[in-house]
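Undergrad: Whole structure, please, built from the sequences with the hints as guidance.
2 protein chains.
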Amino acid sequence: MATESKSLEITKARQTYSSELSKHVGEEVVLKGWLYNLRSSGKIVFPQLRDGTGIVQCVALRNTVSPEVWEALKGLGQESSLMVRGTVRADERAPGGFEIDVVDAQVLQPVHDYPITPKEHGTEFLMDQRHLWLRSRRQHAVLKVRHTVVQAVRNFLDNDGFTLADAPILTPAACEGTTTLFEVDYFAGEKAYLTQSGQLYNEATAAAFGKVYCFGPTFRAEKSKTRRHLTEFWMVEPEMAYASLEDVMALAERMLSHVAERVLENRVEELKVLERNISKLESIIAPFPRLHYDDAVSRFEWGGDFGAPDESYISSKFDKPVMVHHYPAAVKAFYMARDPERAELALGVDVLAPEGYGEVIGGGERATSLEFLKEQVALHELPQEAFEWYLDLRRYGSVPHAGFGMGIERCTAWMCGIEHIRETVPFPRMLYRIRP
Amino acid sequence: MATESKSLEITKARQTYSSELSKHVGEEVVLKGWLYNLRSSGKIVFPQLRDGTGIVQCVALRNTVSPEVWEALKGLGQESSLMVRGTVRADERAPGGFEIDVVDAQVLQPVHDYPITPKEHGTEFLMDQRHLWLRSRRQHAVLKVRHTVVQAVRNFLDNDGFTLADAPILTPAACEGTTTLFEVDYFAGEKAYLTQSGQLYNEATAAAFGKVYCFGPTFRAEKSKTRRHLTEFWMVEPEMAYASLEDVMALAERMLSHVAERVLENRVEELKVLERNISKLESIIAPFPRLHYDDAVSRFEWGGDFGAPDESYISSKFDKPVMVHHYPAAVKAFYMARDPERAELALGVDVLAPEGYGEVIGGGERATSLEFLKEQVALHELPQEAFEWYLDLRRYGSVPHAGFGMGIERCTAWMCGIEHIRETVPFPRMLYRIRP
Chain Y
37 MATESKSLEI
47 TKARQTYSSE
57 LSKHVGEEVV
67 LKGWLYNLRS
77 SGKIVFPQLR
87 DGTGIVQCVA
97 LRNTVSPEVW
107 EALKGLGQES
117 SLMVRGTVRA
127 DERAPGGFEI
137 DVVDAQVLQP
147 VHDYPITPKE
157 HGTEFLMDQR
167 HLWLRSRRQH
177 AVLKVRHTVV
187 QAVRNFLDND
197 GFTLADAPIL
207 TPAACEGTTT
217 LFEVDYFAGE
227 KAYLTQSGQL
237 YNEATAAAFG
247 KVYCFGPTFR
257 AEKSKTRRHL
267 TEFWMVEPEM
277 AYASLEDVMA
287 LAERMLSHVA
297 ERVLENRVEE
307 LKVLERNISK
317 LESIIAPFPR
327 LHYDDAVSRF
337 EWGGDFGAPD
347 ESYISSKFDK
357 PVMVHHYPAA
367 VKAFYMARDP
377 ERAELALGVD
387 VLAPEGYGEV
397 IGGGERATSL
407 EFLKEQVALH
417 ELPQEAFEWY
427 LDLRRYGSVP
437 HAGFGMGIER
447 CTAWMCGIEH
457 IRETVPFPRM
467 LYRIRP
Chain S
37 MATESKSLEI
47 TKARQTYSSE
57 LSKHVGEEVV
67 LKGWLYNLRS
77 SGKIVFPQLR
87 DGTGIVQCVA
97 LRNTVSPEVW
107 EALKGLGQES
117 SLMVRGTVRA
127 DERAPGGFEI
137 DVVDAQVLQP
147 VHDYPITPKE
157 HGTEFLMDQR
167 HLWLRSRRQH
177 AVLKVRHTVV
187 QAVRNFLDND
197 GFTLADAPIL
207 TPAACEGTTT
217 LFEVDYFAGE
227 KAYLTQSGQL
237 YNEATAAAFG
247 KVYCFGPTFR
257 AEKSKTRRHL
267 TEFWMVEPEM
277 AYASLEDVMA
287 LAERMLSHVA
297 ERVLENRVEE
307 LKVLERNISK
317 LESIIAPFPR
327 LHYDDAVSRF
337 EWGGDFGAPD
347 ESYISSKFDK
357 PVMVHHYPAA
367 VKAFYMARDP
377 ERAELALGVD
387 VLAPEGYGEV
397 IGGGERATSL
407 EFLKEQVALH
417 ELPQEAFEWY
427 LDLRRYGSVP
437 HAGFGMGIER
447 CTAWMCGIEH
457 IRETVPFPRM
467 LYRIRP
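Protein chains in written order, with the working numbering: chain Y, 37 to 472; chain S, 37 to 472.
Keep in mind that the hints were calculated from the coordinates and are not lab data.
Mixed in with the good hints, there may be bad ones.
Same chains, same label: a pair holds when it works inside one copy or across any pair of copies.
[Claimed, not checked] Straight-line Cα separation of at most 25 Å, DMTMM-like style, residue types lysine to aspartate or glutamate; simulated pairs: (1) LYS353 / GLU337; (2) LYS368 / ASP330; (3) LYS259 / ASP194; (4) LYS79 / GLU107; (5) LYS48 / GLU380; (6) LYS79 / GLU128; (7) LYS59 / ASP355; (8) LYS110 / GLU455.
TA: Structure representation (C-alpha cells):
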C-alpha cells in the first residue's frame with residue numbers, strides 16, 4: 037500500500053459520496069472508493085469510481101494531471117482502491133447525471149488480478165467469492181432492496197404501536213418436533229436448539245405488551261436444495277393480543293403494501309439495475325384477494341398442504357398477493373385455533389406472492405383453550421413438560437390472539453424479481469455452504 | 037373460558053388502548069386486557085386494567101352495572117383477562133390522568149392463582165416464570181426502553197447513510213479462537229459455530245457499501261456468571277470504509293447521544309417506574325472525554341486490559357462516558373491496526389459508561405496490510421485457510437476502515453439504571469439458564 041505521506045492532503049480530506057454530488061456541482065470534492073471500470077483513449081482516461089453509494093465517471097486528461105497521477109491511473113485494474121480530487125460537473129449523458137474532472141488522485145492499492153471478471157462465472161465460484169461478489173452492481177442492488185424491506189417492516193410496526201420483543205435463538209425445545217433443528221452443545225452436556233420461530237415466545241410477550249414483534253435469524257436443518265430455501269434466514273413475526281384471523285389478514289396486507297411502496301420510493305436505481313418490472317410492485321396494494329382453502333383447492337385433492345407448484349398455480353390467477361385461509365388443521369401447526377363451525381379447519385392464512393414466489397407470510401389465530409392445547413401437545417407427541425410455560429399462557433389470562441411470520445429473504449427476492457433467495461442475504465447458508 | 041355468545045358485542049368492538057385515552061375523553065370505549073389490581077369498598081370496585089400500553093383504573097358501581105357484571109368483577113384475581121366498556125373521564129388524581137366509568141364488562145378467563153404475587157420472590161423463581169414476569173410493571177418498563185434503544189440505533193444509522201448488511205450467525209471459524217464458541221452440528225458431520233461478532237463480515241460489506249452495520253444476536257460460551265454477561269446477546273456493529281479511529285470515536289459519541297436523547301424523549305413514564313435519575317441520561321451529550329490508555333492506566337500496571345473494577349474506577353471520574361483509546365495491542369484482537377509511531381499500541385477504543393456500567397462499545401481501526409495480518413493470524417495460531425476470504429479484503433482494494441460493536445443489553449441496563457443485564461432481554465440465556 038502507498039504510505040500516507042505521499043498525499044496526506046487527499047487522505048485527510050473530507051469524503052464526498054457519489055450519492056451527494058447534486059449538492060456540489062461546480063465544487064472541488066474528494067471521492068474515495070474503488071475502481072469499477074476504466075476506459076482510456078490516448079490522452080484521456082475515464083476511471084469509474086465505485087464508493088458504495090453509487091458509481092461515478094471521472095475524467096482525467098494527461099495534460100491537466102501530474103505525470104505521477106497519469107501513470108498511476110492509466111493502467112489501473114478493477115477494484116484498485118483510490119481517492120480522487122476533482123470538480124463536479126453536471127452531465128446529462130453520464131449514468132448518475134454527474135462527472136468528475138480529475139485534478140489529483142491517489143491510488144492506495146493497485147489491483148491487477150481481481151478474481152471476478154466481466155466474463156460469466158458459475159454460481160458456485162461466485163458464492164465462494166461472496167465477500168467480493170457483493171461489490172458487483174447486481175448484488176449491491178439486491179442488498180439495498182433488502183435494507184429497505186427491513187427498514188420498511190420495522191418502521192411500519194413501530195409506527196403501528198408494536199413493541200420489539202426479541203425471541204431467544206437458543207431454545208430448549210422445538211415448536212414442531214426436532215427433525216429439522218440444529219443442535220447446539222450448551223453447558224454441562226445440555227443440548228439446546230437453534231430457533232425455528234419466535235412465535236411461542238411472542239405469545240408470552242403479546243400478553244405483556246399487547247402488540248409485539250420479534251425480528252431475527254431463524255434456522256431450519258432441512259436438506260432442501262431449492263431456490264426458496266436457506267438454512268439460516270431472517271423472519272419478522274408480529275403477534276397481537278385480542279386479535280383474530282381477520283386482524284392478521286388486515287395487518288399482512290397493510291404491511292406488504294407499505295413495504296412495496298417504500299421499495300418503489302427509495303430503490304428506483306436498484307430496481308433499474310435489476311430490470312424489475314415496476315408494475316408488478318405497483319399492484320401490491322391492499323386489499324388483497326382472499327380465498328377460502330375450499331375454493332383454492334378445487335383443482336387439487338382436499339386435505340393437503342400446497343406445494344410450490346400448487347402455490348404458483350393459485351397465485352398466477354391474481355396480480356396481487358392472494359390470502360388463502362382456513363387450511364385443514366391437519367397440515368398446520370398444533371397451536372392453531374380451529375374454526376368453531378368446522379373443527380377440521382384451522383384459522384390460519386398463507387399469503388402467496390404472485391409471479392411464482394409462493395408463500396411469503398404464514399400465520400393465523402392461536403388456540404386459547406388449555407385443554408385443547410394439552411390434547412394437541414399429546415397428539416403431536418411433544419414433551420408436555422417443555423411446553424408448561426407455554427400452557428401457562430392459557431392458565432393465566434388467556435385471550436384470543438393472532439400473528440404471522442414473514443421471511444425477509446423471500447420477500448426481498450420477490451421485490452427484486454430474482455429467482456434464487458441465496459442472493460438476498462450477504463452470506464447465505466445452505467445445505468452445502470457455510471463459507472465464507 | 038367464557039364463550040363468545042355471551043357478550044359478542046363487546047368482543048367484536050374496536051379496542052381502544054389505554055395509551056390513547058386522551059383522544060377519547062367523554063366517549064364510550066372498549067378496553068381489552070388483564071386485571072392488574074383490584075380494590076373494592078362495598079358498593080364500588082376499582083379494577084385496574086393492564087393492556088400492554090399502560091394501566092388504567094376503572095370504576096364500577098354496583099347500582100350502574102348488571103348483577104352479572106358485578107358478580108364477575110368483585111372477586112376477580114390478578115391477571116384475569118377481561119374487556120371493559122366504559123366512559124373515559126379525565127381525572128388528575130388518576131395515575132395516567134384518566135379513569136373509566138364502567139358500563140359493561142366481560143371476563144374472558146378468571147384467574148385465582150397467579151403465581152407472581154405482590155410478595156418478594158427470588159430471582160430464580162421469577163426467571164423460571166419469565167413468560168409471566170414480563171407482565172410486571174418494572175420488566176415492562178425495561179423492555180420498552182430496550183425497544184427504544186434498538187429503534188434509536190437503527191434510525192440513527194439508517195439516517196446517517198449506513199446500509200444494513202446482516203452477518204451470518206452460523207460461521208465456519210472464530211474471530212478469536214474457539215474456546216468460547218458454541219458448536220453446532222451442521223450437515224454431514226461438519227461443525228459450525230455461533231457467531232461472536234459480525235465484524236469480519238462487516239469488513240467485506242463495508243468494501244461493497246461504504247458504511248454498513250449488522251445487528252443481530254451474538255454468542256459467547258463463557259462460563260461467566262456476572263451481572264454483565266449473557267451467553268446470547270444482541271450487538272450492533274457499524275463499519276466504515278475510508279475511516280479512522282477518530283471517525284469511530286466521533287460516530288460512537290454521536291450515536292450514544294442520540295440513543296439517550298430518544299430514551300429521554302419517548303420513555304418518560306418507564307424511567308419514572310424505574311426511578312431512574314434522569315440527570316444521568318441528560319449528561320450523555322457529545323463530545324465525550326477522551327483518555328489515552330497511557331493516562332487511563334496511571335493507577336494500574338501498564339500493559340493489561342481493564343477489568344470491571346478498573347473500568348468503574350476510570351469512569352467514576354467523569355459524568356459522561358469516557359473513551360479510552362490506544363490500548364496495548366497485546367490485549368486487543370489480531371485485526372487491530374497499530375499506531376504508526378508506537379507499534380505496541382492498537383488504534384482501538386473502548387467507550388466506558390459511567391455509574392459502573394463499564395464497556396458498552398469497543399472498536400477501532402482495522403489493519404490494512406496483507407503481510408501484517410498474515411503474521412497476526414500465524415502468531416495467534418489461527419488457521420490461515422479459514423481466513424483466506426478475509427485476507428482477500430487486503431488483496432483486492434485494501435483501504436483504511438474502522439468500526440465498533442455495541443452490546444444492546446449493556447446499553448439498555450445503563451439507560452434503565454438497573455444492575456443486572458439479564459432483565460434487559462425478554463428471555464435471557466445464561467450459564468445455567470436456557471428456559472423458558
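Undergrad: Are the hints correct? Go through all of them and say.
TA: Verification of the hints:
Taking the closest pair of Cα atoms, LYS353 and GLU337 come within 25 Å of each other only inside a single copy of the chain (19 Å); across copies the shortest separation is 74 Å, beyond that limit. For the homomeric pair LYS368 and ASP330, the shortest alpha-carbon distance inside one copy (15 Å) is at most 25 Å, but the shortest distance between copies (62 Å) is not. In this homomeric assembly, LYS259 and ASP194 never come within 25 Å of each other (Cα to Cα): the closest approach is 36 Å inside a single copy and 36 Å across copies. In the homo-oligomer, the alpha carbons of LYS79 and GLU107 lie at most 25 Å apart inside one protomer (11 Å), although the nearest pairing across protomers, at 95 Å, exceeds that limit.
Taking the shortest alpha-carbon separations for LYS48 and GLU380, only the inter-copy value of 24 Å comes in at or below 25 Å, while the best intra-copy value is 69 Å. In this homomeric assembly, LYS79 and GLU128 come within 25 Å of each other (Cα to Cα) only inside a single copy, at 23 Å, whereas the closest approach across copies is 80 Å. Neither within a single protomer nor between protomers do LYS59 and ASP355 lie at most 25 Å apart by alpha-carbon distance, with minima of 40 Å and 39 Å respectively. Taking the closest pair of Cα atoms, LYS110 and GLU455 never come within 25 Å of each other, the shortest separation being 39 Å inside a single copy and 61 Å across copies.
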